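J.: Residue numbers (the numbering used here), protein chains in the order written: chain A, 1 to 130; chain B, 131 to 382; chain C, 383 to 936.
Quick caveat, the hints were computed from the structure, so don't treat them as lab data.
Only a predicted model underlies this, so the values are computations on that prediction, with no experimental measurement involved.
Where hints are given, some of them may not hold.
As the list claims (entries may be wrong) - Below are the SDA-like pairs computed for lysine to any residue, each with C-alpha atoms no more than 20 Å apart in a straight line:
id, chain 1, residue 1, chain 2, residue 2
1, C, K927, A, T67
2, C, K811, C, F735
3, C, K674, B, Q194
4, C, K674, B, A358
5, C, K416, C, K811
Said to hold, decoys possible - To be clear about the criterion: a stretch of chain C counts as covered by chain A if any three or more of its residues have a C-beta under 8 Å from a C-beta of chain A, and this derived list gives those stretches:
id, stretch
6, 628-640
7, 700-707
8, 903-909
In this text, a Cβ means the ideal position worked out from N, Cα and C, and glycines have one as well.
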Amino acid sequence: MRVEAKLLLFLGLFFGAMCAVYWTWSLENAGGVMMFSGMLLCFLPGSYYLWWSRRMKMRPEDDPTATTEGGAGVVGSFPGSSIFPFLMGMGAFLVVLALVFGIWFLIPGLALAVWALLGGTAEGRRGGKI
Amino acid sequence: MLLSGCTLPNFGVTKGVTKSSVNVYHLWQWFSLGAALIGLLVVLLLAYAFLRYRRKDDKAIPKQSQYHIPLEVLYTVVPIIIVIALFVGTLIVENPEVANPRTDVVVNINAFQWGWKFAYPGHSVVVIGQTTQSPTMVIPANTNVHVNLTSTDVVHGFYVKEFNFSRYALPGVTNQFTFNAVKTGTYAGQCTQLCGLYHSLMYFKVKVVDRATYDHWLSANRDVSAAAAAASATALQSNTYVPSKSTKSKAN
Amino acid sequence: MSHTTATPISEHDSHDEHHGPSGLLNWLTTTDHKIIGLSYTITAVVMLVIGGALAELIRAQLASSNGHLVSFAQYNELFTMHGSVMIYLFAGPFAFGALANIIVPIQIGAPDMAFPRLNALSYWLYLTGSITMLLGFFTTGGAANFGWVGYAPLTSSLNAPGAGADLWIGGLMLTGFSAIFTGVNLVATIFYLRAPGMTMFRMPIFTWNLLVTAILILLAFPVLTAGLIMLYADRHFGTHIFSVAGGGVPVLWQHIFWFWGHPEVYILALPFFGMATEIIAVFSKKPVFGYKGMIFATISIAALSLGVWAHHMFTTGVVLLPFFSIMSLLIAVPTGIKIFNWIGTMWRGEIWFSTAMLMSIGFLITFLIGGLTGIYLASPPLDFFTHDTYFVVAHFHSVVMALVLAGMGGLYYWGPKITGYLLNERLGKAQFWFLFIGTQVFTFPQYILGLQGMPRRMAVYPLHNEWVSLNALSSVGALLIGVSTLFFVVNIIVSWKKYPAGDNPWDAQTLEWFTTSPPPHHNFYRLPQIRSERPTWDHNHPEHKSIAHGTHEE
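In isolation and in its complexed conformation, chain A is listed as follows (with noise of 0.2 Å):
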C-alpha cells in the first residue's frame, strides 16, 4: 500500500507548494482556495493509506515474489445484476429534468432516486442476485 499512498501525498505535496507560490504571488483568492482544495483532496486519502501501510500485512498484489495460490480466498464481492443503477439513473434524469422542465419532475424522480437508494441498500445487505 505504500506505493500508493506516496503518490497521493506526492500529489499533495506538489499542490500545496504550487498554491502557497501562486497565492502569495497572485493574490488572486478562486486559484488560490480551488488548488488548496485540490491539496486537501490527496492529502485525505493519502494519509489514510499512509496509515495502513504501516499496518497492515503485506497483500499478494504488494509482494514482488507472490504466487497465484498465495492470493487465493475470496477476493470480494461483485454484485450480480440489479436493477437499481438504473433505477437510481432515471430518477437522476427526472430531477435533472425538474431543474428545466417543472418542479412536478421531482415527484417521479425522487421517488425513483429513492427507491433505488433504499432498494440498492437492502440488496447490498441481503445479498442480492448473484
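Go by the hints and put chains B and C onto chain A.
T.: What follows is chains B and C alone, placed relative to chain A:
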C-alpha cells in the same frame, strides 16, 4: 533589438505596425525555429525507425532493452533548458508590451452588443458604430496611446491583427494597455470573444495618422454627435494634414 | 452477489455461464464491467457521429465567406453543441468509461470493478446526461448557443433564456457525476483488486495512466459541478455570482471552468497516451522503453495540470501571466519524454505496421504537431494574437484528432479481445489513411487562417480570396475524416463474426492477453505468475523475459 531574427523566415506572422508587434513577431520566429527543429528531429527519428526496424521476419524477437538512464536524463534536461529559454524570451517581449507608461493620448473603448464606442476623454469626442458600420478609432502615430477597455454587457475581444495583439473587454473591469503605432494606415479590427447573435459582424477599424492630423481631427469633432464623429473618422482622407490658408490653429 | 475466489478451475461458481436475465432486462441490470464498457463504447461512437455531423454542417457553412446554410443563431448553436458533444459526450466517456472499463480490470487480474453497481450507474448517468443535453435541439429556443465553455455573462438568464441552456447545464451535471463515480471506481479497483504479484510498478502503462486520470477526475470534476450549480443559481435563484450588476465577477466563471477545463484535456489525453504506449510496444515486439520514466511523466503532467488553467485566460488582463506561462511551458517536458520513450520503444524493434500500429503512429505525429503549436500558446505575447483565432482551433483539433487516431488504434487492438473477432486489416488501413491525411488537410489551413487574422466562432467572414480557398480546403479535410468513419462502420459490418481472434492474436504482452477472447464471466479461468509488467510475454517467451521489477533478480 536582440530578438531580430532578420534572417529567419516569418513562419506565417508579420511584423505588424506597432513597436510591440515587431518584438512579438521576432519571438514568434524564435519559437517557430525551436518547434521546427524539434519536429524535424522527431520526424527524422521516426522515418529512420520505420525504414530500418520494420519487421522482416514474423518470428524474430529483437533485444528487449527497457531503459537507458543517461539518454532519458538527456531528454528530460534538454527540454527543460529549452523551456527556460523560451520563458526568458517571453518575459523580454511581454514586460514592455504590458507596461503602461504615462502618455497624454488616451482612448476609452467600450465594447457592447454588437459594436464599439471610442471616447477621447478631455476632448469631448466620441465615435460609435454597430456591426458593419465598423467605427474607426483615430490615433496618432509614433505616440504612446493608452487604452481603457471595458464592456457594458458581455465579454468581448478587442483584436487588431496588425497589432499582433488582442485583449478582452470585460464588464465591470477596465483593462488598460498601451501601444505605439509606427506606421500610418487603416487596420481592420474585430471582436474575437463570442458575444451573442451578431458576434461575427462586430467590426471596427483603427486609423493611424500623423500627430497633426490627429490633433486637427480631434478638435474638429469636439462636441459633435458620436455618429458624426464616426463618419468623420471614416472619411479622414489623408495621412498628412495640410492646413487651409484661412485657418488659425485652435488652442486646445 | 457472487464471491469470487482466486484459485483456479476447480471452483465452479463464478465461471459458469451467466444465470441471470437475458435480452433487454439483462442489459438494464448488468453490472459486468465488460458489458458496461461496451455500452459506453457504442454510445460514445454514436456521440462521435452526432458531433461529426454538426461539424460537417459548420464546414459547409464556412465553405463560402457569406454562407446562408444556417442563420447566425443556428450557427452559434452548431459550434456550441459540436464542441459540447465531442468533449463532454464523446471524448471523455470514451477515454475513461469505454475501454478503461473493459480493459483495466483484466489488465490487473481483477474479476470486475470494485463497485459494479456504481459502475452501472455511471453508464446510466452518462446516457441520460447525453440525452438531456441533446434535448436542447428540440426546444423552441434551440440548443445551448454560448460556446462549449459557456462564459458568463453570456450564459445569464438575460442573454441565454430558454431551456436549451438549462438542459446543457443539467446534462453536464449528470455526466459530471458519471465521471466522478467512474473515478472512484477506477482508483478503488486499481488500489485494491490487483492480482497476486501485480505490484504497482508492474501494472501496464494503460492502467497507470487510467489511475492518474481517475485522480484528476476526482480533483477537477467537482469544481465544474460547483460552477454549474452557481450558474444555475444565477439563472434561476436570483443570485449574482457572475453578474456585475449584483456585485458579482463574471471572470470568476472562467477561473472555475478552466480549473476543471485544463485537467479535463489531460483526462482526455492520458488514456489515449496509454493505449498508444501499449500498441507501440506490442507491434515493435519490445517492452515499453523507459517504463518508470513514462509513469513519472504521467504523474508530472497531472501535477502540473492543476496549475496552468489561466493560460486560457491570458487575454483577460486579470491573471498572473508569468506563473501560468512557465507552468504551461513546463508541461511540454513530460510530454516530450513520452514521445522520446515511444520512439525508444520502436527503436531496434521488429515493427509490424498493423492498423492499430498505424493509428498509433498517426496519433504520435499528429500529437507532435498539436503539442508543438501548444507551446506557442503558453507564451502570453504569442497567445495575445492567436487566442480566439483559427490558430487555436487548429491546435486543439490537431490534439483531439490525434486522440481519435489513438482511440481507433485501441479499438482495433482490443476489439478482438472484447468481441473475439478481428477487424479487416485492409479496410482498417484505408480508414487510417483517410483519417490521418484528412486530419492534416483539415487542420493545416486553419493554422494559416488564424495567423492571417480569422477569428473563431464566425458564421461569416470577410471576403479575402485566400480565406475562401483555405476554408474550402479545410472542409475537404473534414469530408475525408467523415469518409474514414464510413470505412470504420463498413469494416464492422463486413467483419462481423468473420475472423476469430484467439486469445492473443498480436503476441501481446500484458495480462489481458492471457485470458480468452472474449474473457469469461469474472475474466480469468487461471492466472499466470506475475513477475514483471509483461506477464503474458514472460509466460509465452520465457527466453526473452523482462527484467523483473521489484525483486533482486536484476
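J.: Does each hint fit the structure? Answer for all of them.
T.: Against the structure, the hints:
1. C:K927 / A:T67: holds (17 Å)
2. C:K811 / C:F735: holds (9 Å)
3. C:K674 / B:Q194: holds (16 Å)
4. C:K674 / B:A358: Between K674 of chain C and A358 of chain B the Cα gap is close to 69 Å, so the pair fails against 20 Å, i.e. violated.
5. C:K416 / C:K811: Measuring from Cα to Cα gives roughly 27 Å; hence the hint is violated.
6. 628-640: That given contact holds, which follows from 3 residues of the stretch 628-640 of chain C lying within Cβ reach (below 8 Å) of chain A.
7. 700-707: holds (count 3)
8. 903-909: holds (count 3)
Consistency note: the structure conflicts with the earlier hints numbered 4, 5.
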